[in-house]
Amino acid sequence: ILNVEQSPQSLHVQEGDSTNFTCSFPSSNFYALHWYRWETAKSPEALFVMTLNGDEKKKGRISATLNTKEGYSYLYIKGSQPEDSATYLCAFHMNTGFQKLVFGTGTRLLVSP
Amino acid sequence: DAGVIQSPRHEVTEMGQEVTLRCKPISGHDYLFWYRQTMMRGLELLIYFNNNVPIDDSGMPEDRFSAKMPNASFSNLKIQPSEPRDSAVYFCASSRWEKNIQYFGAGTRLSVL
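Here the protein sequences line up with chains U and S, keeping their order.
Mapping the first sequence onto the working numbering, position 87 (from 1) lands on 1531, and the numbers just tick up by one.
Mapping the second sequence onto the working numbering, position 89 (from 1) lands on 149, and the numbers just tick up by one.
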């Protein structure tokens, strides 16, 4: 059974704070690591797809790094805003030739004004 | 493109009734995924199709669940008979094989009384 773990489970920060959270995944049979953003009452939306060890991706104030050798990825949010409040999911894609993603249970972020 | 379209958005039914959830993937996408979201287990994959053919149905909970994809523009997920523990939000997603960025529908919230 593949284990994709995210921490912390939830996070509450003040507007303007910078924050980060972690996704841990198996270090073997790696193909890609996805990050999704999931706002309440909406559906998950893709943020990043990362494939290479050492990859860094950035979209506005949100960035992510990838370490495939040790099996972790960090998501950073610089200067959090209330609109960043959402659940952030990571998903592991194995190199089996299949398109199946295994999702973590997410980090729920709440940014207070 | 209209995105992934799911119907109905909400379904309330009584235990023992048949439930049918519908999904129209994004045109040109060759993968379609059905997920179930619950508080206990997060987002779990039920089944996915490639070019209308089921590839992995290992996540389907039991024989009461079935899914079909008769053509490239439609899939349905059936639960017969439904039980209260089936209450959850069911998401459909589609992707193209090159990137496997999954685009999610708005979900169907199912309540079985």
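Hints should not be assumed to be uniformly reliable.
As the list claims (entries may be wrong) - Straight-line Cα separation of at most 27 angstroms, DSSO-like style, residue types lysine-lysine; simulated pairs:
1) U:LYS1544 / U:LYS1503
2) S:LYS84 / S:LYS138
3) S:LYS128 / S:LYS138
4) S:LYS138 / U:LYS1486
5) U:LYS1522 / U:LYS1502
6) U:LYS1513 / U:LYS1503
7) U:LYS1503 / S:LYS128
8) U:LYS1501 / U:LYS1544
9) U:LYS1513 / U:LYS1486
10) U:LYS1486 / U:LYS1544
11) S:LYS159 / U:LYS1502
12) U:LYS1513 / U:LYS1544
13) S:LYS159 / S:LYS84
14) U:LYS1544 / U:LYS1522
15) U:LYS1503 / U:LYS1486
16) S:LYS128 / U:LYS1544
17) U:LYS1486 / S:LYS128
18) S:LYS159 / S:LYS128
19) U:LYS1502 / S:LYS138
20) S:LYS128 / S:LYS84
21) S:LYS159 / U:LYS1513
22) U:LYS1486 / U:LYS1501
23) S:LYS138 / U:LYS1522
24) S:LYS159 / U:LYS1544
25) U:LYS1502 / U:LYS1486
26) U:LYS1544 / S:LYS84
27) U:LYS1502 / U:LYS1544
28) U:LYS1513 / U:LYS1502
29) U:LYS1501 / U:LYS1513
30) S:LYS84 / U:LYS1513
31) U:LYS1501 / U:LYS1522
32) U:LYS1501 / S:LYS159
The set of hints was computed from the structure by calculation and includes no laboratory data.
Hints, verified against the model:
Proximity of LYS1544 of chain U to LYS1503 of chain U is assessed by CA-CA distance (about 25 angstroms); at most 27 angstroms being required, the pair is judged to hold. A distance of roughly 15 angstroms separates the Cα atoms of LYS84 of chain S and LYS138 of chain S; the hinted pair therefore holds under the 27 angstroms criterion. A C-alpha spacing of about 9 angstroms is found between LYS128 of chain S and LYS138 of chain S, which places the hinted pair at or below 27 angstroms, so the restraint holds. Annotation: proposed proximity of LYS138 of chain S to LYS1486 of chain U holds, straight-line Cα distance about 23 angstroms (limit 27 angstroms).
Using a Cα cut-off of 27 angstroms, the hinted pair LYS1522 of chain U and LYS1502 of chain U holds, with the two alpha carbons roughly 11 angstroms apart. The hinted pair formed by LYS1513 of chain U and LYS1503 of chain U meets the criterion: a straight-line CA distance of about 24 angstroms does not exceed 27 angstroms. At most 27 angstroms may separate the alpha-carbon atoms for a hinted pair to count; LYS1503 of chain U and LYS128 of chain S exceed this at roughly 37 angstroms. Taken as a hint, the LYS1501 of chain U and LYS1544 of chain U pair is honoured in the structure, with Cα atoms around 22 angstroms apart against an allowance of 27 angstroms.
Taking the CA atoms of LYS1513 of chain U and LYS1486 of chain U, the gap is near 34 angstroms; set against the 27 angstroms cutoff, the hint is violated. As the CA atoms of LYS1486 of chain U and LYS1544 of chain U are separated by approximately 22 angstroms, the hinted pair is consistent with the 27 angstroms bound. For the given pair, LYS159 of chain S sits about 18 angstroms from LYS1502 of chain U by alpha-carbon distance, which is consistent with the 27 angstroms threshold. Restraint check for LYS1513 of chain U and LYS1544 of chain U: satisfied, since their Cα atoms lie roughly 21 angstroms apart, inside the 27 angstroms limit.
Of the supplied pair hints, the one linking LYS159 of chain S and LYS84 of chain S holds, its CA atoms being roughly 20 angstroms apart against a limit of 27 angstroms. Of the pairs offered as hints, the one joining LYS1544 of chain U and LYS1522 of chain U is violated, with about 31 angstroms between alpha carbons and a cut-off of 27 angstroms exceeded. Annotation: proposed proximity of LYS1503 of chain U to LYS1486 of chain U holds, straight-line Cα distance about 20 angstroms (limit 27 angstroms). Between LYS128 of chain S and LYS1544 of chain U, the direct Cα distance comes to roughly 18 angstroms. Compliance with the 27 angstroms bound is thereby established for this hinted pair.
For the given pair, LYS1486 of chain U sits about 25 angstroms from LYS128 of chain S by alpha-carbon distance, which is consistent with the 27 angstroms threshold. With a C-alpha separation of about 24 angstroms, the suggested pairing of LYS159 of chain S with LYS128 of chain S holds against the 27 angstroms cut-off. Straight-line distance between C-alpha atoms of LYS1502 of chain U and LYS138 of chain S comes to about 40 angstroms, which puts the hinted pair past the 27 angstroms bound. Of the pairs offered as hints, the one joining LYS128 of chain S and LYS84 of chain S holds, with about 12 angstroms between alpha carbons and a cut-off of 27 angstroms not exceeded.
For the hint pairing LYS159 of chain S with LYS1513 of chain U, the CA-to-CA distance comes to about 22 angstroms; that is within 27 angstroms, so the pair holds. Between LYS1486 of chain U and LYS1501 of chain U the alpha-carbon distance is near 24 angstroms, which keeps this suggested pair within the 27 angstroms criterion. Simply put, LYS138 of chain S and LYS1522 of chain U have alpha-carbon atoms about 43 angstroms apart, too far for the 27 angstroms limit, and the pair is violated. For the hint pairing LYS159 of chain S with LYS1544 of chain U, the CA-to-CA distance comes to about 12 angstroms; that is within 27 angstroms, so the pair holds.
For a cut-off of 27 angstroms, the pair hint linking LYS1502 of chain U to LYS1486 of chain U stands: about 23 angstroms separates their Cα positions. With a CA separation close to 19 angstroms, the supplied pair LYS1544 of chain U and LYS84 of chain S stays within the 27 angstroms bound. For the hint linking LYS1502 of chain U to LYS1544 of chain U, the alpha-carbon distance of about 24 angstroms falls within 27 angstroms, and the restraint holds. Of the pairs offered as hints, the one joining LYS1513 of chain U and LYS1502 of chain U holds, with about 21 angstroms between alpha carbons and a cut-off of 27 angstroms not exceeded.
Taken as a hint, the LYS1501 of chain U and LYS1513 of chain U pair is honoured in the structure, with Cα atoms around 18 angstroms apart against an allowance of 27 angstroms. For the given pair, LYS84 of chain S sits about 38 angstroms from LYS1513 of chain U by alpha-carbon distance, which is inconsistent with the 27 angstroms threshold. Taking the CA atoms of LYS1501 of chain U and LYS1522 of chain U, the gap is about 14 angstroms. The hint holds against a cut of 27 angstroms. Of the supplied pair hints, the one linking LYS1501 of chain U and LYS159 of chain S holds, its CA atoms being roughly 15 angstroms apart against a limit of 27 angstroms.
Violation of the numbered hints given earlier is confined to hints 7, 9, 14, 19, 23, 30; the remaining hints are satisfied by the structure.
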